[in-house]
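All chains should be modelled from the sequences, with the hints used to inform the complete structure.
Respectively, the protein sequence lines represent chains A and B. With the first letter of the first sequence counted as 1, position 47 gets the number 47 in my numbering; the numbers rise by one all the way through. If you want my numbering, it's the 1-based position in the second sequence plus 115.
Hint data in this document are derived by calculation from the structure and do not stem from the laboratory. Even for Gly, the Cβ is constructed at its ideal location relative to N, Cα and C. Treat each hint with caution, since some may be false.
In silico contact screen, one side only, chain B against chain A (beta carbon under 10 Å); selected entries [stated by the list, open to error]:
1. P133
2. F149
3. L159
4. K164
5. G168
6. N170
7. W207
8. T209
9. K214
10. F217
11. T219
List of simulated lysine to any residue pairs, SDA-like, C-alpha gap at most 20 Å [as the list claims (entries may be wrong)]:
12. K173(B) - T101(A)
13. K214(B) - E130(B)
14. K214(B) - D56(A)
15. K164(B) - Y105(A)
16. K214(B) - T30(A)
17. K137(B) - N156(B)
18. K57(A) - V74(A)
19. K192(B) - V126(B)
20. K11(A) - F161(B)
21. K15(A) - V89(A)
22. K224(B) - L39(A)
23. K224(B) - K184(B)
24. K224(B) - V198(B)
25. K173(B) - Y105(A)
26. K214(B) - Y105(A)
27. K192(B) - A129(B)
28. K184(B) - V126(B)
29. K214(B) - G99(A)
30. K192(B) - Q121(B)
31. K214(B) - K15(A)
32. K184(B) - K214(B)
33. K164(B) - S98(A)
34. K164(B) - T103(A)
35. K137(B) - A54(A)
36. K214(B) - G42(A)
37. K164(B) - G99(A)
38. K57(A) - Q117(B)
39. K57(A) - E44(A)
40. K214(B) - G51(A)
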Amino acid sequence: GAGVSQSPSNKVTEKGKDVELRCDPISGHTALYWYRQSLGQGLEFLIYFQGNSAPDKSGLPSDRFSAERTGGSVSTLTIQRTQQEDSAVYLCASSETSGRTDTQYFGPGTRLTVL
Amino acid sequence: AQSVAQPEDQVNVAEGNPLTVKCTYSVSGNPYLFWYVQYPNRGLQFLLKYITGDNLVKGSYGFEAEFNKSQTSFHLKKPSALVSDSALYFCWVTGGGNKLTFGTGTQLKVEL
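Dropping the structure here:
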């Protein structure tokens with residue numbers, strides 16, 4: 001079946017502009033995660049949607065970052081007033097249930113470059 | 116505080132030789148441990164996980180890992196490395212409170 005998809009695959013923007021990154025999880029998966037992977041660095045958790053419960057936003061680095069998940073499916077990560085330090089690969093993952101013991105399935109990522 | 120350590124930034128192995136990628140952790144409560152792999156220019160893929168039961172876990176592509184509670188380790192192993200195993204490997208742990216913590220990743224390079 002179809003895996004997790006993300007769009008765009010690459011995004012180049014100018015400092016100060018807003019960007020939206022989209023994630024389509026595997027159909028029927030309850031949980032959805034956003035991560036950030038900066039060049040030469042590891043993974044950074046951003047936000048976690050768990051079914052109908054309130055999302056875990058504890059990883060969002062600033063109030064310029066927000067995310068929503070509509071209808072329990074597609075999610076959009078929005079970065080307002082982008083800064084150069086926002087340049088990174090943004091990864092989305094989904095899992096079948098909300099438990100953090102579940103296997104997460106990742107999309108290919110969106111590479112964001114802020115000039 | 117919960118933590119994961121991958122002490123080696125890079126591991127170099129000759130093809131055909133056994134490989135080990137190290138991971139140690141510190142959590143409260145029972146740990147749930149994962150290994151994921153990231154091939155160049157691709158997203159992460161699940162390799163294996165330990166939740167409970169047998170300490171030796173077998174996963175994809177011939178990889179296995181052994182949960183060692185006394186040493187708080189979950190090292191990734193493969194008996195015979197392939198050049199195609201060259202990738203970035205991440206160890207994860209979920210402990211008490213369902214907090215997820217990642218290691219910093221280990222770059223595996225398998226050479227002919």
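Are there hints from earlier that the structure breaks, and if so, what are their numbers?
Result: hints 1, 5, 6, 13, 17, 20, 23, 28, 31 and 35 break, sorted rising.
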